[in-house]
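Protein chains: 2
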Amino acid sequence: MSMRTDRQIRPAGKTALEQMPSYRLNHIVHQYQQTVQSRLRSVGVSMLKMRIIMSLRSYGQLTVSELCNHAIAEQPTMSRALDSLEQQGFVRREQSRVDSRLRLVTLTDDGRRVGEEIHPVIMEINARMTDGLEPEQREAFSQHLGQILNNLRTM
Amino acid sequence: MSMRTDRQIRPAGKTALEQMPSYRLNHIVHQYQQTVQSRLRSVGVSMLKMRIIMSLRSYGQLTVSELCNHAIAEQPTMSRALDSLEQQGFVRREQSRVDSRLRLVTLTDDGRRVGEEIHPVIMEINARMTDGLEPEQREAFSQHLGQILNNLRTM
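Read top to bottom, the protein sequences are chains A and B.
When you line the first sequence up against the numbering used here, it's residues 2 to 156, in that order.
When you line the second sequence up against the numbering used here, it's residues 2 to 156, in that order.
Be careful, since some hints might not be right.
Unchecked claim - Here chain B is said to cover these stretches of chain A; the calculated rule only asks that three of the stretch's residues, wherever they fall, bring their Cβ under 8 Å from a Cβ of chain B:
| id | region |
| --- | --- |
| 1 | 25–34 |
| 2 | 52–58 |
| 3 | 77–86 |
| 4 | 126–137 |
| 5 | 148–156 |
These are computed hints drawn from the structure, not numbers from a lab.
For each residue, glycine too, the CB sits at the ideal point set by N, CA and C.
Bound-form chain A, shown alone (with noise of 0.2 Å):
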């Protein structure tokens, strides 16, 4: 008796599964924060600290709820990551000397030193994840990739 016998198998459902966006999108996201862990073990942060470090990295200083947008992280899960890279001494929260409401936070020397050794790494990956398509398909991807944002977020 085969493995095929033994299970009520629809091939039909197989293909339209996988072709849906969605189920695409997951698993190359999915995909993508596997390689970068695997990629920078040594660096010892969570995709969550990269991601944070990365949008400082960027915008020089941020808010929290800037960092949560970012970042994506929903507010008490921001604020134990930034406790955390705060004791390891990668970033610096201070208040707002407009609003003292807002805390304001920033990578220290250490803290950018680690962005330094994320970035080209990431910047990598992205390059390689697009691997195979043409300039003007690139364009044409990270388009479609800013509509369908813009459609999730006003549906």
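Take the given structure of chain A and dock chain B to it, following the hints.
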């Protein structure tokens, strides 16, 4: 003193970060999950459980490790989700008659009913996600997603 003078923003960084495919992909998947969860709150199952139900709905019957691949979870997390789905009466686990080390997972009638509730909502969100893209653009986008997934898996 304006908000701006309190902060060291580098606007050039903003563009670079937000245009990275990984940034957009992360945000798309996050927003997609938020949308699905808010639309399907009444069903009362987590995203992982929805992915499990959608996978079983498509394939009929899967081993635990096949489910880990399709629904994206490590074995321990998957086992806990399956325990819970079994308690809710939505899935059934049985030993393969062919290979006694394998456990095959199937939807129960109740699980199938949940699948029929989830499926059209997921399909509609997927369709609306690509609103504004011409059929040939959708096709190209889908091909690009396939290519990128393949690139990441062979990186």
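Here is what the structure says about each hint:
Counting residues of the region 25–34 of chain A whose beta carbon lies closer than 8 Å to any beta carbon of chain B gives 9, which meets the minimum of three for the stated coverage. Look at the region 52–58 of chain A against chain B: 4 of its residues bring a Cβ nearer than 8 Å to a Cβ of that chain, three or more, so the hint holds. Here's how the region 77–86 of chain A fares: 0 of its residues keep a CB closer than 8 Å to some CB of chain B, so the rule of at least three is not met and the hint is violated. Residues of the region 126–137 of chain A lying with their CB closer than 8 Å to a CB of chain B number 8, which satisfies the three-residue condition for coverage.
Three residues within the 8 Å Cβ limit are the bar, and the region 148–156 of chain A against chain B gives 7, so the coverage statement holds.
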